[in-house]
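Kindly generate the complete structure, drawing on both the sequences and the hints.
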Amino acid sequence: MLEEWSHTLLQTDPMRLYRAKRDQARRTVTSKYIILGFISSGTYGRVYKAQCIEREGQIYAIKKFKPDKEGDVVTYTGISQSAIREIALNKEIAHENIVALKEVILEEKSIYMVFEFAEHDFLQVIHHHSQTLRIQIPSQFLKSLIYQLLNGLVYLHSMHILHRDLKPANILITAAGVVKIGDLGLARLIYRPLQPLFAGDKVVVTIWYRAPELLLGAKHYNKAVDCWAVGCVIAELASLRPIFKGEEAKLDSKKNVPFQRDQLLKIFEVLGTPDDADWPGVRDMPEYQNMKRLDPYQNRLSEWCQSRIRSQQGYELLRQLFAYDPDKRLTAKEALMHKWFQEDPRPTWNVFHYISANQLPPQRRITQDEAPSMMGVPAHTAQTQAQTQNQIVQAHAHAQAQHLSQQSQANLSQQSKPGSVTSFGSGSAGPGPGQGGYSGNQGTSSRKKARIG
Amino acid sequence: MATDFWVSSHYKRWIIDRATLRQARVDDLQYVEDPEFLDFFSIFFANVIAKLGKKLNLRQRVIASATVFFRRFYLKNSYCETDPFIVIAACCYVAAKTEESPIHIKNMVAEARLFFSQTPYCVKSFPSDNSKLAEMEFYLVDDLECDLTIFHPYRTLLSLVRKEDSSEFQAEAGELSLGIDDGIRYWGTGDGQLELPDGALQLAWSIVNDTYRSDLCLIYPPHLLAVTALYLTLVLHAPTRDMIQQHPQSALRQGQAQSLDQQISPRRSSRQASHSSGTGKKPAPDIVGFFADLNVSMPLVASVAQEIISLYTLWDRYKEDSPPENTSRTSVQSQAAQVGSPFSSATHVSHSGSHSGVGTPVTGIPDVANDVPKVGTTGVVTPMILMQVLTRMRENRLSDLSHPASGRPVAVNKMLERTQAAG
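Quick note, the sequences are listed as chains C and V, same order.
Quick note: the first sequence uses the working numbering, first residue 1367, plus one each step.
Quick note: the second sequence uses the working numbering, first residue 565, plus one each step.
Treat the hints with care, since some could be wrong.
To be verified - Straight line, CA to CA, 27 Å or less: simulated DSSO-like cross-link-like pairs of lysine-lysine:
id : chain 1 : residue 1 : chain 2 : residue 2
1  : C       : 1475      : C       : 1387
2  : C       : 1621      : V       : 670
3  : C       : 1611      : C       : 1694
4  : C       : 1585      : C       : 1616
5  : V       : 696       : C       : 1620
6  : C       : 1589      : C       : 1611
7  : C       : 1468      : C       : 1585
8  : C       : 1475      : V       : 670
9  : C       : 1475      : V       : 696
10 : V       : 640       : C       : 1468
11 : V       : 688       : C       : 1398
12 : C       : 1616      : C       : 1632
13 : V       : 688       : C       : 1387
14 : V       : 670       : C       : 1432
Hints were generated in silico from the structure; no laboratory data involved.
So, in structure tokens, the structure goes:
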């Protein structure tokens, strides 16, 4: 009898024993961390600020990947390639200038990556200077930021990892003034790939930071695409706005990659139209014919740099990072050795070293999570969650926000000041004012609620 | 795969010792009739992964990663408490992603379901629902502790040996654009690559494939397995061996590589040429010299080689109903047979022995009731038998766990019973 029964069970649910055992052993996110608030969201999911219960209240950023849904029901549909990459790569790397992964928690069909927390990012520093201080980023500060960025990139490249999405929003800075490259969601290893890089991801790098070889349809590319992006980041820090702010042509209905006319024009306006001398391979680029139809431009980078970089060596560095030919472009290592970093003012290991306290960028603003279903919430909140499935009542949302707000304020004293100016919008969405205009938690909450619903 | 093995999760957390391996099988040992079946499981399931991989057109490296995932999973889990087939499917699914050549979950489920439903597996419980595989993936990644980057011997092999223009690994060899770069603890000679006769790399490659039929990939770093595979090739691949023996310098060095030499190569005469070292004209590549200069422990290589040979001896008693796939096992045997090494004679013994195996049903479905299969020392083991062993293990485990009388999991130690019965 028993054997019959066990035989049946093995046929119907062969992994029952295993799952029961695993589920019992599992430690949940909320048993280890107190969620302090919501930081930002993207296509991948959402990022929360959290405090570890065990380690003396150490602060972390928890990235929760968007759970897969079929209709309203959360289900397993397979871990995304991007999550697998980010997890696999982060587990293998450790460097001062790369955001460190503390742990990964898989729970209830969701993946949580626990990262060290960084108080600032490059985009926020740019906004702080353009909106609040209304001054250029001081040379020493700028140089320190770039030096540490390159230091992290040299490490990634030495591990044969391409980041493929370097942009100000993805480059973080800790409160102690250490630059941390973040978001390896698009990164991948280029050491002997089984397939050409192109086969995996048709579009890489946010358009404003995308290298010309990618814009011209290159099937093979290399570390040089990251170095181009660094050039764009330097220029953006120096001028407080993206240097090549083109309009992205969207994929058509068949998912063909279109010719990025506007973005190329924006580049040519500053760097001139490339020719055979600059870039012997340019003729072989798939989009070369399209490119030739564009109006010709002269290089005026030197002029561009005069008021913005104010250093001959700084201009030289930028010029070499903006080499059209990927083979002639400066490597991360060469850039790190560049004379610009050896002339005064020298870079510092704390990027804020010479920044007076009143000029420091503000702390990262956190808001209350307006989408409670994204996080394992306390039991009584979870109950109300069911009610809100179909009817989102404004008042209810407020009540919930308040509840969460009380809870987290009790847990943490260092709440960011309401109304502090930051933006966590991604570069691709445009560095607009973002959520900066909202001063109250409830306001943000209801607005987001409406958008999600 | 990141490129510095010495700082990798693979090296730091997943090179394990034999004691850990034994510990991992403690539960299974209570349910298996003969512990040797568990070694056969290693061969059997690795073959299942390889075959499923072929159906899915997975590359060798993906199959290898899937196999390592499978082995790591069973470091923490027991066969008697899990369904290895859904685990295999999940391993392949994850490995395809980690090696950047993903397959759609729908295809994965369809192929696995079809393949597993056929003889000899006849697994009817494989879910048709994608979410079940995705769920297993989730648990698997958790059990793997999210360490998804695996190093394999193939890369080392291709770094050591100049690639030849032959078919199978051409595509994979095409990735060879960078030099050896295993980080600061570089163990190569820096002398460049070895040039070997046709077929030698092929043989070494197949030996590497074969190592995945055992737990060797959990115990030794991949470069060591690559060097050992190459080492075995030097002994077993006739043209290569001839080349070595013609080489005056290599004859001198052979002394350094003695330990394996004594066990495998019957010809010691070449050592007599050992005083001609001054004449370094290099007519043929100095293969043995190249080897001796590698910064790896040759005694260790010799002992790994022994383990690979033991695997072949075990494997020789494992018979699949379908025509055997092209592994180096057969070629190693045939090559060894040609030179008449002690190794090949051992192979022959077990060959003939296999047919006189006592009381082991070789074909057909045995009556399950009282017929508990015993492997014996020379018995032949088939997938069919292993499937029955597995099913019984799992059913017994489940009955024990749900035994109403005690209310507590009760496990009978079959090993102990047998020992006691034997007096």
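Problem - Proposed proximity, residue 1616 (chain C) with residue 1585 (chain C) (alpha carbon, max 27 Å) - result: 19 Å, holds
Exercise for the section: Measure nothing beyond the straight line between the CA atoms of residue 1475 (chain C) and residue 670 (chain V); if it is 27 Å or shorter, mark the hint as holding. Expected result: 19 Å, holds
Exercise for the section: Measure nothing beyond the straight line between the CA atoms of residue 1475 (chain C) and residue 1387 (chain C); if it is 27 Å or shorter, mark the hint as holding. Expected result: 17 Å, holds
Practice task
Sort out whether residue 1585 (chain C) lies within 27 Å of residue 1468 (chain C), counting only the CA atoms.
Solution key: 35 Å, violated
Handout entry: Pairwise hint evaluation, residue 1468 (chain C) against residue 640 (chain V), where the allowed Cα distance is 27 Å at most
Key = 22 Å, holds
Problem - Pair hint outcome, residue 1589 (chain C) versus residue 1611 (chain C) [Cα-Cα no greater than 27 Å] - result: Given that 27 Å is the threshold and the Cα spacing comes to 22 Å, the pair holds.
Exercise for the section: For the pair we were handed, residue 688 (chain V) and residue 1398 (chain C), check the Cα-Cα distance against 27 Å. Expected result: 40 Å, violated
Exercise for the section: Given the hint that residue 1611 (chain C) pairs with residue 1694 (chain C), test it: the Cα-Cα distance must not exceed 27 Å. Expected result: Answer holds: residue 1611 (chain C) to residue 1694 (chain C) is near 24 Å, not above 27 Å.
Handout entry: Given hint residue 696 (chain V) paired with residue 1475 (chain C) - CA-CA distance at most 27 Å
Key = Holds, at about 12 Å.
Exercise for the section: Mind checking the alpha carbons of residue 1616 (chain C) and residue 1632 (chain C) for me, to see if they're no more than 27 Å apart? Expected result: Between residue 1616 (chain C) and residue 1632 (chain C) the Cα gap is close to 17 Å, so the pair holds against 27 Å.
Exercise for the section: With a cut-off of 27 Å on the C-alpha distance, tell me whether residue 670 (chain V) and residue 1432 (chain C) pass. Expected result: 21 Å, holds
Problem - Hint consistency between residue 688 (chain V) and residue 1387 (chain C) [alpha-carbon to alpha-carbon, up to 27 Å] - result: 24 Å, holds
In this structure, the earlier hints numbered 5, 7, 11 are contradicted, and the remaining ones agree with it.
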